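Visitor: Numbering (the UniProt record's numbering), first residue to last: 1 to 214.
Just so you know, these hints were derived from the structure itself, not from any lab. Hints may contain errors.
[Stated by the list, open to error] Pairs of lysine-lysine, DSSO-like flavour, derived with a Cα cap of 30 Å:
| # | residue 1 | residue 2 |
| --- | --- | --- |
| 1 | 139 | 119 |
| 2 | 145 | 125 |
| 3 | 206 | 105 |
| 4 | 119 | 199 |
[To be verified] Per label pair, the in silico range of CB-to-CB distance:
| # | residue 1 | residue 2 | range |
| --- | --- | --- | --- |
| 5 | 65 | 25 | 39 to 47 Å |
| 6 | 133 | 29 | 52 to 60 Å |
| 7 | 119 | 197 | 49 to 57 Å |
| 8 | 212 | 115 | 17 to 25 Å |
| 9 | 30 | 115 | 50 to 58 Å |
| 10 | 87 | 205 | 30 to 38 Å |
| 11 | 24 | 211 | 50 to 58 Å |
| 12 | 28 | 211 | 18 to 26 Å |
| 13 | 197 | 96 | 20 to 28 Å |
| 14 | 118 | 74 | 24 to 32 Å |
| 15 | 202 | 27 | 29 to 37 Å |
| 16 | 205 | 25 | 28 to 36 Å |
Note that this is a predicted model, so its numbers are computed, not measured. Glycine included, every Cβ here is placed at the ideal spot set by N, Cα and C.
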Amino acid sequence: MSQINVGRSPTGPQGKSRSRLPLILIFLLSLAPVLAAVLVYFNPSLRPANSVAYGMLIDPQRPVPASGALVLTTIEGEPFDLATLNGKWVLATADSGQCGDDCAKKLFIWRNAHASQGKEVERLKRIWFITDDAPVPQKVLDAYKGTIMVRVKPEQLTVFLYPNDGKNPINKGINNFLWIIDPLGNLFIQYPEDADPSKIRDELRKLLTNSRIG
């Protein structure tokens, strides 16, 4: 009389397929958020209305120009290539080397926003585009150590930061904003110079927490 096996796992190709199915489903579920984040990152139009950033998202994104199109030199006169900062989130501002109150305020916002990011500080760099040949006051050099300071021709910088494309008239001035460049070398977000420092800080923290790049 033949015996009936009760409670045993099926064997053979069909049984193996069934045992692998849960693992495949778990893998796909774990991968889905990453794929969705990448898709939304590169397609701002897919972001829901209630996820609007405090700053203005740059759309379409503008990549960092080649060194020949954006000639930068340090305050010591050495050439500097902005592409060397790829892989970091770059906090940028632009102003005269004299650095009056408005300039100092922007440098202060970025310094404090950077310092407040805790263990994420190494993912960030700060840069100040100096748009003339004016000497930088020693008190500014001392107060904002750690900020990369480079001189640039304002017309070259304007083409990158604030092009005259109909939406962004040049006469608004590149000195009136703060900017973030993403680790892929794209201009990512823009803030007005009178933006709320606490909101910038909090948005930067969320950005670093949710980002898988840089």
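Visitor: Look at each hint and say if it fits the structure.
Guide: Consistency of the hints with the structure:
no.: 1; hint: 139 <-> 119; verdict: holds (28 Å)
no.: 2; hint: 145 <-> 125; verdict: holds (12 Å)
no.: 3; hint: 206 <-> 105; verdict: holds (23 Å)
no.: 4; hint: 119 <-> 199; verdict: holds (19 Å)
no.: 5; hint: 65 <-> 25: 39 to 47 Å; verdict: holds (45 Å)
no.: 6; hint: 133 <-> 29: 52 to 60 Å; verdict: holds (58 Å)
no.: 7; hint: 119 <-> 197: 49 to 57 Å; verdict: violated (21 Å)
no.: 8; hint: 212 <-> 115: 17 to 25 Å; verdict: holds (23 Å)
no.: 9; hint: 30 <-> 115: 50 to 58 Å; verdict: violated (34 Å)
no.: 10; hint: 87 <-> 205: 30 to 38 Å; verdict: violated (20 Å)
no.: 11; hint: 24 <-> 211: 50 to 58 Å; verdict: violated (28 Å)
no.: 12; hint: 28 <-> 211: 18 to 26 Å; verdict: holds (23 Å)
no.: 13; hint: 197 <-> 96: 20 to 28 Å; verdict: holds (22 Å)
no.: 14; hint: 118 <-> 74: 24 to 32 Å; verdict: holds (29 Å)
no.: 15; hint: 202 <-> 27: 29 to 37 Å; verdict: holds (34 Å)
no.: 16; hint: 205 <-> 25: 28 to 36 Å; verdict: holds (34 Å)
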